[in-house]
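Keeping the supplied structure of chain E fixed, place chain Y upon it in accordance with the hints.
Top line first, the protein sequences correspond to chains E and Y.
Residues in the first sequence are numbered from 475 upward in steps of one, following the numbering used here.
Residues in the second sequence are numbered from 102 upward in steps of one, following the numbering used here.
Accuracy of the hints is not assured; some may be wrong.
[What the hints assert, rightly or not] Sample of chain Y residues at the chain E side, in silico, Cβ under 10 Å:
| hint | residue |
| --- | --- |
| 1 | A132 |
| 2 | A158 |
| 3 | P208 |
| 4 | I215 |
| 5 | L229 |
| 6 | V235 |
| 7 | F246 |
| 8 | V277 |
| 9 | I280 |
| 10 | T344 |
| 11 | T391 |
| 12 | G408 |
| 13 | M418 |
For the record, the hints were derived by calculation from the structure and aren't laboratory data.
Predicted model only: the values in this text are computed from it and were never measured.
For glycine and all other residues, C-beta sits at the position ideal for the given N, C-alpha and C.
Chain by chain, the residues:
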Amino acid sequence: MATDTDSRVIEGFGQVSRTVGTLFRYLLLASTLFGIVMLGVLLLYVANDAIQPLTADPGWHLTFLCTFVLPSLAVGGYLYRRNRPAFRLGGSLVGALAVSLMFAGGASIVFVDILDPMVWFSYVVGFALAGLGVLAIERRSHSIPFSVRFVAAIAVVGVSLLVVPNLLIDLPYALIGWAVIAYTVGGVVAAALGRYVYRSRGPRKAIVAAGGVLLAVAALALAGPLVGVDPLPASIVAAVSLVPVCSYAGVAAFDRPKARVGLVFAAVVVGGAFLGAAVADLAGFAGPESWVNWSFLTNAHSGTAADAGLYPAIGGSILLMVTVAALSFPLGVGAAVYLEEYAPDNRFTRFIDINISNLAGVPSVVYGLLGLGVFVTYAGRAMGTVLVGGATLSLLILPIVIISSREAIRSVPEEMRQASYGMGATRWQTVKNVVLPRAFPGIMTGTILALGRAIGETAPLIMIGAPNVAFSLPTELTSKVSAMPLQVYAWAGLFASEEFYRQAVPAGVVVLLVVLLSMNSVAIVLRNRYEDGN
Amino acid sequence: MSTDDINDDLTRRTENAPQELLTRAFFFLCAALSVVTTVSIVVLLVTEAAKFFSITAPLMDVTGATASLVDFLTGTNWIINNEQFGVLALVSVTVLITFGSAVIALPLGVATAIYLSEYASSRARGVLKPALEVLAGVPTVVYGFFALVYITPALEVFLPSIGTFNLLSASIVVGVMIIPMVASISEDAMSAVPEDLRQAGYGMGATKFDVSTGIVVPAALSGIFSSFILALSRAIGETMAVTIAAGAQARFLNPIGVGRIAGIPVPYPDLSVYLEGGLPMTAAMVNLLTGDITGGGLAYRSLFAIGLVLFVITLVMNIISDIVAQRYREEY
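Extracted from the complex, chain E is given alone in its bound form (with noise of 0.2 Å):
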């Protein structure tokens, strides 16, 4: 038997062919790119559908080839390749200066449309005063006993949430809207940047700072109409987009004098988009005549496509975000907790642990019906409003949250929680002080992901009624909501035409892949970084 075997052995020796496992490799290549380019491809003609670059003028895209592309290029593979932790920070900044920008503009609509500046004030003083009343008596937190601590906090919290806000609103003068937004928004980027400057430079230098970023914001508010642009939109972008980004710009040029050429690559992008607007604006190139344009992000649906607009269906879905993100992290982390750091192991856990891996795989629709018929039918909420749309988005991320919360804190060294211990911490102070904020990106990471799930699902919201079609925005919890996916496919299905398929619809995937692909982006740049730290 073993002589058999080693006479074949030692025929075949020596002829291994080399073709079958070059072939193999490819064949696998060419699996792995199957889908990736295939998706290409076709997000290329929904883009071409939606931007329609071919119908610019030739001189429009030399302008821009001269001014912006060639250059960025230039520069940006120039410090790739000799100084790539320049080329990493104007990268960022350029990437950070776009998705604010975005993020700016949704929270214009909320404060233009939505929310008044003034409610938010009061909330924001509310929540405050709160905050600094727990705050103070946590500091006493040896002399008084727990109960009455809780109770204490509890009734400082309630006075604070439930009469503050009334007393501001019905105060007999009111604030402008924009001074509300470069006080509340803008304070919290001055209070970061001016504890960034105290810890390295000092009191004195700190307190220069955090006003500068508040004068400066109040600058660009005044400035904005001076552009054509609003002081409340204006003041909203500059507090959340320019003036921090410009912070860090700034922070990174005096901090990291090695990586400061970066500053020039994004000045270089940045600067050669206005410069080639600016040309293009003075020669008469027209440009490519998209759907994608402004009157396609602010005006509501409409029968003719090249009038329907994506507004109502921004402003709901950034409501719809909002909701799920304050039910599903607390509840989803929480729940994370649990499983990791106090579950003892007995047949409940196990048993939560299989339910929440099935409830992953349960159907987007069955979720759906579960708010249909609990929320709706049951409880006997009205349909399809902001509330019951986003409590059932919710349901549908949690187990998603909870799983990757549960990754990230299972990636917390275990020593640290046996130094925790060690000190005399308790298992509540070990997870607020050690295991929360040492997997705070983590969570982070997977919380924005399942969110970035969230908005792109449309068959729960059907399912609870949310109209195909909304003029108008929500203004509150209760009134009903559209988001960007079920208007797409409100074009798509029931406003089936040419007219939709070549005009509306590109347009309205375009605008909901860009917020969904910049969010990912965010999210997967969090986790590279985190990473890179562990």
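The following block gives chain Y in isolation, referenced to the frame of chain E:
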């Protein structure tokens, strides 16, 4: 004994301090919410479906129109206005689309997993894995639009008889959509195969091809199968892409044609059904709600009956996938 006394003096039991109990209770409630969700899904689907069937409706104190359970499970006509509820018309289309997407996604997914785990450099992996994540992250309504507006016209060049709404384009996009799922779970299973096994293979003079196909894939087989089942269950539950691409006309599609060779009937797979449109289960549910149904009526309850069938199928598949992954896992 004496050390215990000292311990009691020095330590305070913090496990039952009010703060600890409170936080612990909150976290427990969060985790228990998932159980509540499952229970409410099951209870809701079962009670509403029970009101739908004439056998169980009296138990639920429901009067009015009901449907026969036997007709529901064996009927092949789904015509709501005639109160004909034969779920097989919907199931046949769902099965066809799932099969079609499996033909695309399973081989490609496994090949992707082998490439990523065995062949790709870490740099290539760094590019390919996020790209695959994008594939899974594109909303399904967008895939449906792609199938209807770009893929079907492209297919029409080769298959002139294809309908505007057809199962083929729906299968293709659903297949592309589930590739990342097959790939990522299979790749995890392949990466878990210990390096020693591979090195042993190389030591025996095996080529990389031999090691990949002869050692890694068999060792990871349980993970690969569980990824297949999960991906298929995802394909069954897929909604918007098939709603847009496959059409809205409910009919029973029979993929088994009967030919005659010398007068003897011989069954053969009739692939021409893929060129026609049909109404899968999920799309039927969406159509029921986009049309105007009266709350509480028979059509409304049929929604939950389909939902129950869908839920049971996907749940069983998920559980099978779990069992396969657990029981047949090679322990190293």
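Please check whether Y/F246 passes as an interface residue: C-beta within 10 Å of a C-beta belonging to chain E. 5 Å, holds
Proposed interface contact between Y/V277 and chain E, which counts if any beta carbon pair is under 10 Å: Hint on Y/V277: holds, closest Cβ of chain E at ~5 Å, below 10 Å.
Holds or violated: is the Cβ of Y/T344 closer than 10 Å to a Cβ in chain E? OK, holds: Y/T344 within 10 Å of chain E, min 7 Å.
Restraint check, 10 Å cut-off on beta carbons, for Y/T391 near chain E: Check passed: Cβ of Y/T391 comes within 6 Å of chain E, closer than 10 Å.
Does Y/P208 pass the interface hint, meaning its C-beta sits closer than 10 Å to a C-beta of chain E? 7 Å, holds
Does the closest beta carbon of chain E sit nearer than 10 Å to the beta carbon of Y/A132? 4 Å, holds
Would the hint on Y/I215 stand, with a C-beta cut-off of 10 Å toward chain E? 6 Å, holds
Would the hint on Y/L229 stand, with a C-beta cut-off of 10 Å toward chain E? 6 Å, holds
Taking 10 Å as the limit, does the beta-carbon of Y/I280 come near enough to a beta-carbon in chain E? 5 Å, holds
Hint validation: Y/M418 versus chain E, beta carbon distance must be below 10 Å. Holds or violated? Interface hint status for Y/M418: holds (8 Å vs cutoff 10 Å).
Chain E contact restraint for Y/G408 - C-beta distance below 10 Å: For Y/G408, the interface hint holds, since the closest Cβ of chain E sits about 5 Å away, which is under 10 Å.
Would you settle whether the hint for Y/V235 is holds or violated, based on the nearest Cβ-Cβ distance to chain E being less than 10 Å? Holds - the Cβ of Y/V235 comes within 10 Å of chain E, reaching about 7 Å at its closest.
Checked against the numbered hints given earlier, the structure breaks only hint 2 and satisfies all the rest.
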